[in-house]
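Protein sequences, first through last, are from chains A and B.
For what it's worth, the working numbering labels the leading residue of the first sequence as 1, then goes sequentially.
For what it's worth, the working numbering labels the leading residue of the second sequence as 1, then goes sequentially.
Accuracy of the hints is not assured; some may be wrong.
Straight-line Cα separation of at most 20 Å, DMTMM-like style, residue types lysine to aspartate or glutamate; simulated pairs [what the hints assert, rightly or not]:
1) K86(A) x E266(B)
2) K175(B) x D205(B)
3) K295(B) x E3(A)
4) K68(A) x E48(A)
5) K41(B) x E12(B)
6) K86(A) x E3(A)
7) K221(B) x D290(B)
8) K249(A) x D23(B)
9) K90(A) x E12(B)
10) K223(A) x D318(A)
11) K274(B) x E303(B)
12) K327(B) x D97(A)
13) K327(B) x E94(A)
14) K295(B) x E74(A)
15) K166(A) x E178(A)
16) K221(B) x E74(A)
17) K21(A) x D295(A)
18) K90(A) x D233(B)
19) K157(A) x D23(B)
20) K157(A) x D15(B)
21) K325(A) x D302(A)
22) K86(A) x E296(B)
23) K231(B) x E296(B)
24) K17(A) x E334(A)
25) K86(A) x D23(B)
26) K223(A) x E334(A)
27) K175(B) x D202(B)
28) K90(A) x E224(B)
29) K223(A) x E317(A)
30) K34(B) x D158(A)
31) K212(A) x E197(A)
Calculated Cβ distances over 10 Å to all of chain B for the following chain A residues [as the list claims (entries may be wrong)]:
32) I42
33) N58
34) G110
35) Q133
36) V141
37) I164
38) F183
39) T190
40) E197
Since the hints were made in silico from the structure, they are not lab data.
Ideal Cβ placement from N, Cα and C applies to all residues, glycine included.
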Amino acid sequence: MNESLYPLLYSSCIPVKGANKSIICDLQNQCYIHLPNELYDIVDTLGEYSLSQYRSANDLETYLLLEKYFFSLEENRFLFFTHTPKMFPKLDFERWDCPSLISNAVIDLGTSIQFNLENVIDDLVNMGCQYLQIRSFDTLVLSDLSYRLINARIHLKDINLDLILKYYQGCKISQIKEFADLFPCISTITFHSAGFEKFYEISSHIKVTYTKTVIIDETHCGKINSEHFRANMTAFAENREWNSCLNRKIAIDKNGQIKNCPSMEFSYGLITERSIREVVLNIPEFRDLWRISKDKIQVCRDCEYRYICSDCRAYLEDPLMKPAKCSYNPYQGE
Amino acid sequence: MSHRNTILIISEYSDISTRKVFDYLNHLSSINVKIITPHEKVFIETIRVSVNRKKILLKCNNDVINFDNIRSVWYRRGFISSVPFPYDTIHKLEKQINTFLSTEWEKITSFLLSISQLEPGIFLLGSFEHERHCNKLINLHIASSIGLTIPETFITSDRLSLLNFSDDYELLATKPVSNVPIFSLGMKIYSGGGTNVLTKSDIKDLPQQFFPVLVQEYIDKLYEIRVLFLKGDLYAMAIFSQGNERTKIDYRNYDIDEPNRLTPIELPQSIQVKIREFMNKLSLNFGSIDLIYSKEGKYVFLEVNPSGQFDWLSFNCNYNLEKRIAKILLNET
Numbered sequence: 001m002n003e004s005l006y007p008l009l010y011s012s013c014i015p016v017k018g019a020n021k022s023i024i025c026d027l028q029n030q031c032y033i034h035l036p037n038e039l040y041d042i043v044d045t046l047g048e049y050s051l052s053q054y055r056s057a058n059d060l061e062t063y064l065l066l067e068k069y070f071f072s073l074e075e076n077r078f079l080f081f082t083h084t085p086k087m088f089p090k091l092d093f094e095r096w097d098c099p100s101l102i103s104n105a106v107i108d109l110g111t112s113i114q115f116n117l118e119n120v121i122d123d124l125v126n127m128g129c130q131y132l133q134i135r136s137f138d139t140l141v142l143s144d145l146s147y148r149l150i151n152a153r154i155h156l157k158d159i160n161l162d163l164i165l166k167y168y169q170g171c172k173i174s175q176i177k178e179f180a181d182l183f184p185c186i187s188t189i190t191f192h193s194a195g196f197e198k199f200y201e202i203s204s205h206i207k208v209t210y211t212k213t214v215i216i217d218e219t220h221c222g223k224i225n226s227e228h229f230r231a232n233m234t235a236f237a238e239n240r241e242w243n244s245c246l247n248r249k250i251a252i253d254k255n256g257q258i259k260n261c262p263s264m265e266f267s268y269g270l271i272t273e274r275s276i277r278e279v280v281l282n283i284p285e286f287r288d289l290w291r292i293s294k295d296k297i298q299v300c301r302d303c304e305y306r307y308i309c310s311d312c313r314a315y316l317e318d319p320l321m322k323p324a325k326c327s328y329n330p331y332q333g334e
Numbered sequence: 001m002s003h004r005n006t007i008l009i010i011s012e013y014s015d016i017s018t019r020k021v022f023d024y025l026n027h028l029s030s031i032n033v034k035i036i037t038p039h040e041k042v043f044i045e046t047i048r049v050s051v052n053r054k055k056i057l058l059k060c061n062n063d064v065i066n067f068d069n070i071r072s073v074w075y076r077r078g079f080i081s082s083v084p085f086p087y088d089t090i091h092k093l094e095k096q097i098n099t100f101l102s103t104e105w106e107k108i109t110s111f112l113l114s115i116s117q118l119e120p121g122i123f124l125l126g127s128f129e130h131e132r133h134c135n136k137l138i139n140l141h142i143a144s145s146i147g148l149t150i151p152e153t154f155i156t157s158d159r160l161s162l163l164n165f166s167d168d169y170e171l172l173a174t175k176p177v178s179n180v181p182i183f184s185l186g187m188k189i190y191s192g193g194g195t196n197v198l199t200k201s202d203i204k205d206l207p208q209q210f211f212p213v214l215v216q217e218y219i220d221k222l223y224e225i226r227v228l229f230l231k232g233d234l235y236a237m238a239i240f241s242q243g244n245e246r247t248k249i250d251y252r253n254y255d256i257d258e259p260n261r262l263t264p265i266e267l268p269q270s271i272q273v274k275i276r277e278f279m280n281k282l283s284l285n286f287g288s289i290d291l292i293y294s295k296e297g298k299y300v301f302l303e304v305n306p307s308g309q310f311d312w313l314s315f316n317c318n319y320n321l322e323k324r325i326a327k328i329l330l331n332e333t
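I would like the entire structure built from these sequences, with the hints used as guidance.
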């Protein structure tokens, strides 16, 4: 073994320290591994010392343990050995940006209010919105929805559409196919309150899910669990500085109130009275919540999952407190 | 400059980078962006070749493109399609006429895409001429004359010369001088890989004389490097395709199922200076450059691709090059 070599993490493998435990996020393979806090400082400073420096700074037993650990990280392709560690800079996360004023939106279609969906869709597309979720808590028959979506000319837009609808008797797969064929922008359709669980891929790009989960209103949202973690390059970079849930998001709740998210209490006005574009451009406070990164949130700032977590700013005990629906305690590590 | 309110992009329909730059242009400004892909037929209303009364007016999908309004042109990739030729291709003579007409058209579009270079008010990123006439051999020669290390390169039609050349090296590689060949017959498509290993026994099976082939010494690499050269700036990424400096896994044991690790890399100043000099010599302000870092610790130049892909480089190194390109096209850097 050539001891002049320096062990170094690949730049897409980033250690994140929590109060009790740490992880290494692998942004290329979109996963993470656990790391005891005792090893964090060593992993975090990889690239600064050669093997021979590790050997002279430690007793033999410790050194051999370290070496073994480096080799196991190497075997799992988190780490490599090099003579030129300075040639491999860390990823620069100062550069996160996206070409959208609004990148994602949620629209809850309720029965109590009607508004011009076409204007909303036009505003979203003009602001660069790439993802739109349309949700309905009450039964909304596909033919009625199809009528509204075509009137809003959404089939002509370049936007990814996810639909969350209430299951109803008599909604056949053939009808769903027919419906989906009209809207190439749809990527997923989820039927809640279905009474059974099933998954279809009705075409190469459209997934249909039936779930027993009953969704009666927006309060079903905001749960924090590892299924919603996103250990990818874009999310990790965005979450360092911006709120992981609300950044560049806008929502219209079931009563037509324009909000940061349908679950939030504060409304910026009724969609029948002002446009979403007006809210985004003219109400500076609308963007304030975007800036609440995990590093600014109590408890979360000490959590090792902070840069891959989905967060929630709606259900809280205190505005700068961790999500109420998160059961993880980073101080105990469980 | 205020009247120059249009950016023209020549690209292919499915190019993801074009789409991302387009989104940034719209996000950062209210400039008009016109993308021409081979799907759109371009009608030439006027090209007036004159120093003082120069005029270029094109029509594409009912849009009029007036070069007086163009701030910058990005030749990303692809070509400009003409309105259909008047002749179909059943008749032998008509076939020849069509070939002639396409040459005529190519010269016209080539002029269109270089005039933006000659015109001081227009900034041109990329080069149609280079994409069309990129020559690996000339580029290797230039790179080597600048002092970049290149693999020993040999072209021959003769088995004996090839055997003699192969004696000096442990292993040889062969690749096309032009592009990766793609042939189709009926429904079948045949395509050769880029670079292939050439063994001594392969050479012994060859006839005395054959069609000239390009042969290079096979250089054992620690990692590959992809560099995007963008108007003088270099953005580099290392591709760990073969283990690392400790394991020194031989290329033959390379496990294709494992995704290659990709990581940003900062090239030594001396190499950066030479790459800049190389690109200046070719008058290229955009291009994707392939290097390898050899087991001997040398940076070896392989080739430059004037309209190479950079989406994975930009994404995996978090360089956000699309925003940079948008700012360069807007002239806001």
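Results for each hint:
The suggested pairing of K86(A) with E266(B) holds, with an alpha-carbon distance near 8 Å, which does not exceed 20 Å. With a CA separation close to 18 Å, the supplied pair K175(B) and D205(B) stays within the 20 Å bound. The straight-line distance between the Cα atoms of K295(B) and E3(A) is roughly 17 Å, inside the 20 Å bound, and the hint therefore holds. A distance of roughly 18 Å separates the Cα atoms of K68(A) and E48(A); the hinted pair therefore holds under the 20 Å criterion.
Using a Cα cut-off of 20 Å, the hinted pair K41(B) and E12(B) holds, with the two alpha carbons roughly 13 Å apart. Of the pairs offered as hints, the one joining K86(A) and E3(A) holds, with about 17 Å between alpha carbons and a cut-off of 20 Å not exceeded. In summary, the hint linking K221(B) to D290(B) is supported, as the alpha carbons are separated by about 13 Å, within the 20 Å threshold. Simply put, K249(A) and D23(B) have alpha-carbon atoms about 17 Å apart, close enough for the 20 Å limit, and the pair holds.
Between the alpha carbons of K90(A) and E12(B) the distance comes to roughly 33 Å, so the proposed pair goes past 20 Å and is violated. As the CA atoms of K223(A) and D318(A) are separated by approximately 16 Å, the hinted pair is consistent with the 20 Å bound. Distance check on the hinted pair: K274(B) and E303(B) sit about 14 Å apart at the alpha-carbon level, within 20 Å; holds. A hinted pair counts as satisfied when its Cα atoms are at most 20 Å apart, and K327(B) with D97(A) qualifies at roughly 13 Å.
With a CA separation close to 17 Å, the supplied pair K327(B) and E94(A) stays within the 20 Å bound. A threshold of 20 Å between alpha carbons decides the hint, and for K295(B) with E74(A) the separation of about 19 Å falls inside it, so the pair holds. Straight-line distance between C-alpha atoms of K166(A) and E178(A) comes to about 18 Å, which keeps the hinted pair within the 20 Å bound. As the CA atoms of K221(B) and E74(A) are separated by approximately 19 Å, the hinted pair is consistent with the 20 Å bound.
The hinted pair formed by K21(A) and D295(A) meets the criterion: a straight-line CA distance of about 17 Å does not exceed 20 Å. Taking the CA atoms of K90(A) and D233(B), the gap is about 18 Å. The hint holds against a cut of 20 Å. The hinted pair formed by K157(A) and D23(B) meets the criterion: a straight-line CA distance of about 14 Å does not exceed 20 Å. Under the criterion of a C-alpha separation no larger than 20 Å, the hint pairing K157(A) with D15(B) is consistent with the structure, at around 19 Å.
Taking the CA atoms of K325(A) and D302(A), the gap is near 17 Å; set against the 20 Å cutoff, the hint holds. Restraint check: the Cα-Cα separation between K86(A) and E296(B) comes to about 18 Å, which is no more than 20 Å; the hinted pair holds. Between K231(B) and E296(B) the alpha-carbon distance is near 31 Å, which puts this suggested pair outside the 20 Å criterion. Taking the CA atoms of K17(A) and E334(A), the gap is about 15 Å. The hint holds against a cut of 20 Å.
A distance of roughly 35 Å separates the Cα atoms of K86(A) and D23(B); the hinted pair therefore is violated under the 20 Å criterion. Taken as a hint, the K223(A) and E334(A) pair is honoured in the structure, with Cα atoms around 16 Å apart against an allowance of 20 Å. Note on K175(B) and D202(B): the hinted pairing holds, with a Cα-Cα distance of about 14 Å set against a maximum of 20 Å. For the hint linking K90(A) to E224(B), the alpha-carbon distance of about 18 Å falls within 20 Å, and the restraint holds.
Of the pairs offered as hints, the one joining K223(A) and E317(A) holds, with about 14 Å between alpha carbons and a cut-off of 20 Å not exceeded. Restraint check for K34(B) and D158(A): the C-alpha separation of about 17 Å stays at or below 20 Å, so the hint holds. Our distance criterion of 20 Å between C-alpha atoms is met by K212(A) and E197(A), whose separation comes to about 6 Å. Residue-level check passed: I42(A) sits 18 Å from the nearest beta carbon of chain B, beyond 10 Å.
With a closest Cβ-Cβ approach of about 20 Å to chain B, N58(A) is found to remain outside the 10 Å limit, as its non-interface label requires. Distance check for G110(A) against chain B: the nearest CB is about 31 Å away, which clears 10 Å, and the non-interface claim stands. Distance check for Q133(A) against chain B: the nearest CB is about 20 Å away, which clears 10 Å, and the non-interface claim stands. The beta carbon of V141(A) is kept farther than 10 Å from every beta carbon of chain B, the shortest such distance being approximately 35 Å.
Consistency note on I164(A): stated as away from chain B, and its beta-carbon is indeed over 10 Å from all of that chain's, at 26 Å minimum. Against the 10 Å criterion, F183(A) stays outside the reach of chain B, whose nearest CB is about 20 Å from its own CB. Once the 10 Å rule is applied to beta carbons, T190(A) is consistent with being away from chain B; the minimum gap is 28 Å. With a least CB separation of 32 Å from chain B, E197(A) remains clear of the 10 Å interface cut-off, as annotated.
The structure does not agree with the numbered hints 9, 23 and 25 stated previously, though it agrees with the rest.
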